[in-house]
Amino acid sequence: MEDNYPFDDLERVKRVNAPPFLYTRIKAKIQEQSDQVSLISVRWVYAAGVAVILLLLVNGFAISKRLNSDNSEGYNPSTIIASMELRSSNYLYDE
Amino acid sequence: MLDEQEFKQMYNEHADRVYNVCINYLHNTEEAEEATQDVFVKAYNSFTSFQGQAKVSTWLYRIAVNQCLDQLKARKRKKRFAYLVSILPGEESRVGIRAVNFNHPGVQLEDKEGMEKIYRCIESLPDRQQTALILKTLEHQSVKEIAEIMEMSPKAVESLLSRAKQNLKKKLQN
Numbered sequence: 001m002e003d004n005y006p007f008d009d010l011e012r013v014k015r016v017n018a019p020p021f022l023y024t025r026i027k028a029k030i031q032e033q034s035d036q037v038s039l040i041s042v043r044w045v046y047a048a049g050v051a052v053i054l055l056l057l058v059n060g061f062a063i064s065k066r067l068n069s070d071n072s073e074g075y076n077p078s079t080i081i082a083s084m085e086l087r088s089s090n091y092l093y094d095e
Numbered sequence: 001m002l003d004e005q006e007f008k009q010m011y012n013e014h015a016d017r018v019y020n021v022c023i024n025y026l027h028n029t030e031e032a033e034e035a036t037q038d039v040f041v042k043a044y045n046s047f048t049s050f051q052g053q054a055k056v057s058t059w060l061y062r063i064a065v066n067q068c069l070d071q072l073k074a075r076k077r078k079k080r081f082a083y084l085v086s087i088l089p090g091e092e093s094r095v096g097i098r099a100v101n102f103n104h105p106g107v108q109l110e111d112k113e114g115m116e117k118i119y120r121c122i123e124s125l126p127d128r129q130q131t132a133l134i135l136k137t138l139e140h141q142s143v144k145e146i147a148e149i150m151e152m153s154p155k156a157v158e159s160l161l162s163r164a165k166q167n168l169k170k171k172l173q174n
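Here the protein sequences line up with chains W and Y, keeping their order.
Residues in the first sequence are numbered from 1 upward in steps of one, following the working numbering.
Residues in the second sequence are numbered from 1 upward in steps of one, following the working numbering.
A couple of the hints might just be wrong.
What the hints assert, rightly or not - In the DMTMM-like style, the derived pairs of lysine to aspartate or glutamate whose C-alpha atoms are separated by at most 25 Å in a straight line are:
1. Lys-171(Y) / Asp-3(W)
2. Lys-27(W) / Asp-38(Y)
3. Lys-155(Y) / Glu-11(W)
4. Lys-8(Y) / Asp-3(W)
5. Lys-112(Y) / Glu-11(W)
6. Lys-27(W) / Glu-145(Y)
7. Lys-27(W) / Glu-151(Y)
8. Lys-170(Y) / Asp-3(W)
9. Lys-165(Y) / Asp-35(W)
10. Lys-8(Y) / Asp-35(W)
11. Lys-112(Y) / Asp-35(W)
12. Lys-55(Y) / Glu-4(Y)
13. Lys-14(W) / Glu-34(Y)
14. Lys-14(W) / Glu-6(Y)
15. Lys-165(Y) / Glu-151(Y)
16. Lys-29(W) / Glu-13(Y)
17. Lys-155(Y) / Glu-145(Y)
18. Lys-65(W) / Glu-110(Y)
19. Lys-171(Y) / Asp-35(W)
20. Lys-27(W) / Glu-110(Y)
21. Lys-117(Y) / Glu-11(W)
22. Lys-29(W) / Asp-16(Y)
23. Lys-29(W) / Glu-145(Y)
24. Lys-29(W) / Glu-34(Y)
25. Lys-14(W) / Glu-4(Y)
26. Lys-117(Y) / Asp-8(W)
27. Lys-169(Y) / Asp-35(W)
28. Lys-144(Y) / Glu-11(W)
29. Lys-14(W) / Glu-33(Y)
30. Lys-79(Y) / Asp-16(Y)
31. Lys-42(Y) / Glu-85(W)
32. Lys-117(Y) / Asp-35(W)
33. Lys-171(Y) / Glu-11(W)
Said to hold, decoys possible - Away from chain Y, derived, C-beta distances all over 12 Å, residues of chain W:
34. Leu-10
35. Leu-22
36. Ala-28
37. Ser-41
38. Ile-63
Hints were generated in silico from the structure; no laboratory data involved.
Backbone N, C-alpha and C fix where the C-beta goes; we use that ideal spot for every residue, glycine too.
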């Protein structure tokens with residue numbers, strides 16, 4: 001076996017040129033990538049917008065429900081006094 | 001960000017060099033083309049982070065080496081997956097998985113068999129040894145340039161090279 005094997009063999013490997021149209025393909029890849037990035041950002045803007053609208057709707061619904069329930073079953077002192085049979089006067093004894 | 005004219009100039013100056021690195025790592029024209037494309041896309045995207053401490057060629061070599069090593073790892077993962085699939089029953093599970101052919105346009109036809117063996121042995125070396133060997137013997141870079149590309153000291157590169165050569169000889173003798 002030769003002494004400098006395999007390095008002499010490797011010396012015989014020729015330099016090659018980059019294939020034609022590679023630059024065009026690289027440009028297309030860069031363009032495709034930037035299109036995808038803008039598409040993703042538009043999607044994120046839509047998603048964020050929908051999330052905010054949903055949040056506002058849920059808040060509005062909760063607030064309106066709370067207001068309605070306050071009106072119908074709100075705090076009424078005379079109802080509580082009557083239901084607990086409390087005295088509403090300062091006369092403590094039935095005299 | 002690079003404008004189109006600057007990018008084209010960078011491509012014209014370095015495309016052959018990057019393509020040769022890729023073909024020497026991957027020894028397959030399709031994969032080397034894909035890797036070269038990815039190298040230039042990465043270079044385009046990260047040009048703002050390139051501060052000019054190194055030469056553009058050194059920086060591109062570094063990107064190319066990392067890209068090729070990543071692609072080789074992916075190839076090994078595919079091979080393992082193919083092995084797992086091959087032990088499963090059913091012929092249809094083997095569809096879509098094929099071995100990577102040795103296809104190096106710089107190797108003459110009469111040398112193909114012998115060179116394929118040498119390249120397979122280089123591929124089986126540890127990453128750093130493989131890189132040092134390719135950059136030295138196939139890319140004809142100086143030890144200083146290899147040290148800059150690999151971000152190591154020239155002495156470390158020299159010892160890496162001597163270990164790589166020893167290991168390659170051993171692998172070829174076995």
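I'd like to know which numbered hints this structure contradicts. Please list them from smallest to largest. Of the numbered hints given earlier, those the structure breaks are 4, 6, 7, 9, 11, 14, 18, 19, 20, 23, 25, 27, 30, 31, 32, 34, 35 and 36, listed in rising order.
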